[in-house]
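K.L.:
The whole structure should be built from the sequences, with the hints applied where relevant.
Chains as they are written, first to last, in numbering that gives the first Met the number 0: chain E, 0 to 252; chain L, 0 to 240.
Because the hints were derived from the structure by calculation, they are not lab data. Treat the hints with care, as some may be off.
Stated by the list, open to error - Once the Cα atoms are required to be at most 35 Å apart in a straight line, the calculated DSBU-like pairs of lysine-lysine come out as:
hint, chain 1, residue 1, chain 2, residue 2
1, L, Lys238, L, Lys210
2, L, Lys105, E, Lys18
3, E, Lys90, L, Lys142
4, L, Lys81, E, Lys160
5, L, Lys144, L, Lys49
6, E, Lys18, L, Lys81
7, E, Lys90, L, Lys144
8, L, Lys144, E, Lys18
9, L, Lys23, L, Lys49
10, E, Lys90, L, Lys81
11, L, Lys144, E, Lys34
12, L, Lys231, E, Lys34
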Amino acid sequence: MNFHQSANLAAELIRTDFKLRYHGSYLGYLWSFLKPLMMFGVLYVVFSKFLRIDYPDYPFHLFLGIILWNFFAEATTGAMSSIIEKGGLIKKIYFPREIIVFSSVAVSFVVLISNLAVFGIFYLFADLAFDLNMLLFLLYLLQLCVVTLGVAFFLSALYPKLRDLFHIWQVLLQVGFWATPITYILQIVPQKYTTLIMANPLAGIINNSRLALINHQFPDVGSFLYTLAAGVILLASGYFLFFRRAPFFAEEV
Amino acid sequence: MEIISFQNISKRFKLPHEKKNTLKEYLFFVAKSKSYEELWALRQIDFSVKKGEFISFIGANGSGKSTLLKLISKVYLPTAGKIRVGGTIAPFLELGVGFQYDLSVKDNVYLYGATLGLSRDKINGIFDTIVDFARLGKYIDQKVKNLSTGMEVRLAFSIAAHADADILLVDEVLAVGDQIFQQKCFDLFARFKKEGKTIIFVSHDLGIVEKFSDKVGWINNGGLEIMDQPEKVIRIYAKAL
Chain E
0 MNFHQSANLA
10 AELIRTDFKL
20 RYHGSYLGYL
30 WSFLKPLMMF
40 GVLYVVFSKF
50 LRIDYPDYPF
60 HLFLGIILWN
70 FFAEATTGAM
80 SSIIEKGGLI
90 KKIYFPREII
100 VFSSVAVSFV
110 VLISNLAVFG
120 IFYLFADLAF
130 DLNMLLFLLY
140 LLQLCVVTLG
150 VAFFLSALYP
160 KLRDLFHIWQ
170 VLLQVGFWAT
180 PITYILQIVP
190 QKYTTLIMAN
200 PLAGIINNSR
210 LALINHQFPD
220 VGSFLYTLAA
230 GVILLASGYF
240 LFFRRAPFFA
250 EEV
Chain L
0 MEIISFQNIS
10 KRFKLPHEKK
20 NTLKEYLFFV
30 AKSKSYEELW
40 ALRQIDFSVK
50 KGEFISFIGA
60 NGSGKSTLLK
70 LISKVYLPTA
80 GKIRVGGTIA
90 PFLELGVGFQ
100 YDLSVKDNVY
110 LYGATLGLSR
120 DKINGIFDTI
130 VDFARLGKYI
140 DQKVKNLSTG
150 MEVRLAFSIA
160 AHADADILLV
170 DEVLAVGDQI
180 FQQKCFDLFA
190 RFKKEGKTII
200 FVSHDLGIVE
210 KFSDKVGWIN
220 NGGLEIMDQP
230 EKVIRIYAKA
240 L
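P.N.:
Structure follows, in structure tokens:
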């Protein structure tokens with residue numbers, strides 16, 4: 000398959016995923032917006048009203064954290080099972096298997112973009128200023144995609160052979176949700192824990208995104224470079240593993 | 000000109016005694032070194048196909064015919080040996096159904112076509128031909144899960160057959176289709192031969208095999224017993240039964 004044919008197949012798989020995802024549901028695509036909003040509502044009440052976190056623009060920090068994390072969580076979970084879900088095709092016909100993983104992540108990316116649009120609308124209503132630092136967010140978004148795609152390749156390469164991975168990953172995501180600055184801000188974490196927290200590339204991405212979009216600050220260069228390196232290593236090694244495992248998918252699914 | 004060549008191809012499957020897919024099972028069974036059985040589905044297969052030939056493979060169920068087609072189509076990787084394929088492939092394997100059952104006939108044509116490397120524009124151009132051949136004109140907006148088995152097979156074959164590939168792999172298409180469909184398939188095979196397309200055909204219908212094939216291979220227990228003129232191979236095969 001040449002590039003054009005691969006892109007066409009990816010587009011077709013994305014279309015299929017969207018149709019199947021909301022097939023038979025009344026609210027359909029609206030669920031993509033409702034899920035993070037509901038999560039935001041609950042966490043906001045708990046942290047802002049009950050635990051009384053009083054940090055400037057806390058709702059924005061929280062909402063941005065939730066939608067970036069949700070993208071990572073949904074994209075990796077979806078990609079993991081995508082190979083099994085498309086087992087029917089894999090057993091019948093050869094095409095580059097990575098297109099399946101790529102389109103699965105792309106579906107979650109479309110959801111992320113629409114959620115960012117909601118964030119943008121909130122932003123307009125609040126009295127937050129615009130400046131050039133905000134453009135840096137595009138870089139962090141790219142970093143997020145690289146990290147997510149890398150993890151997605153790892154998981155989807157191993158899952159057909161190791162079905163425990165689904166449950167392991169659910170637990171790790173749960174841990175990750177609290178270990179990443181989503182409900183809290185990195186700056187309020189005691190100094191001795193920050194290195195540990197920043198070891199997670201998503202912590203750097205979310206922190207820098209908040210700095211750029213909400214605090215209008217230049218990024219933390221150290222964590223930016225660290226995330227860049229981590230992302231590239233993850234993607235390269237994940238893809239390598241996937242490339243090695245893919246010829247056996249037809250026998251494993 | 001050779002379009003397919005198999006050099007000393009073997010394919011081994013590892014069949015777990017009990018499917019071992021969870022971590023616990025891995026940990027518990029790590030001590031037992033071999034909890035699977037090896038199955039050599041194909042052993043040292045050698046043959047080549049020239050462009051434009053109609054080649055059939057015959058043999059009992061489980062002898063390795065479908066595995067052979069899957070190796071040609073790259074769905075499986077050979078355990079040993081070298082396979083060369085010099086053209087695009089449209090596979091119709093194991094009744095060819097990799098459909099998304101909750102989507103319409105129309106959506107599935109575009110998806111299945113895309114896996115064969117066809118763009119939307121290309122499919123738009125042949126959409127009516129595909130649907131007419133499968134006789135599903137009335138059903139294009141129906142979900143595939145509401146089609147009968149025969150209809151589904153007709154649709155899958157029709158997409159593969161109209162993909163305009165150099166090589167068409169056909170595994171048991173005639174077993175499920177009705178008379179009208181069979182006749183359409185025969186007409187199609189005749190036309191493909193004229194157009195110089197290569198067809199690899201698997202069937203239990205020896206009459207059809209003899210009528211269309213340039214060469215026939217008999218796969219017996221994973222080995223290529225003989226590959227020669229249709230009358231000769233079929234005679235030997237029938238005697239061995």
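K.L.:
Please go over all the hints and tell whether each is borne out by the structure.
P.N.:
Okay, the hints, checked on the actual structure:
1. Taking the CA atoms of Lys238/L and Lys210/L, the gap is about 19 Å. The hint holds against a cut of 35 Å.
2. For the hint linking Lys105/L to Lys18/E, the alpha-carbon distance of about 13 Å falls within 35 Å, and the restraint holds.
3. Taking the CA atoms of Lys90/E and Lys142/L, the gap is about 22 Å. The hint holds against a cut of 35 Å.
4. Taking the CA atoms of Lys81/L and Lys160/E, the gap is about 26 Å. The hint holds against a cut of 35 Å.
5. Restraint check for Lys144/L and Lys49/L: not satisfied, since their Cα atoms lie roughly 39 Å apart, outside the 35 Å limit.
6. As the CA atoms of Lys18/E and Lys81/L are separated by approximately 41 Å, the hinted pair breaks the 35 Å bound.
7. Using a Cα cut-off of 35 Å, the hinted pair Lys90/E and Lys144/L holds, with the two alpha carbons roughly 19 Å apart.
8. The hinted pair formed by Lys144/L and Lys18/E meets the criterion: a straight-line CA distance of about 15 Å does not exceed 35 Å.
9. For the given pair, Lys23/L sits about 50 Å from Lys49/L by alpha-carbon distance, which is inconsistent with the 35 Å threshold.
10. Restraint check for Lys90/E and Lys81/L: satisfied, since their Cα atoms lie roughly 21 Å apart, inside the 35 Å limit.
11. At roughly 30 Å between alpha-carbon atoms, Lys144/L and Lys34/E fall within 35 Å of each other, so this suggested pair holds.
12. With a CA separation close to 67 Å, the supplied pair Lys231/L and Lys34/E exceeds the 35 Å bound.
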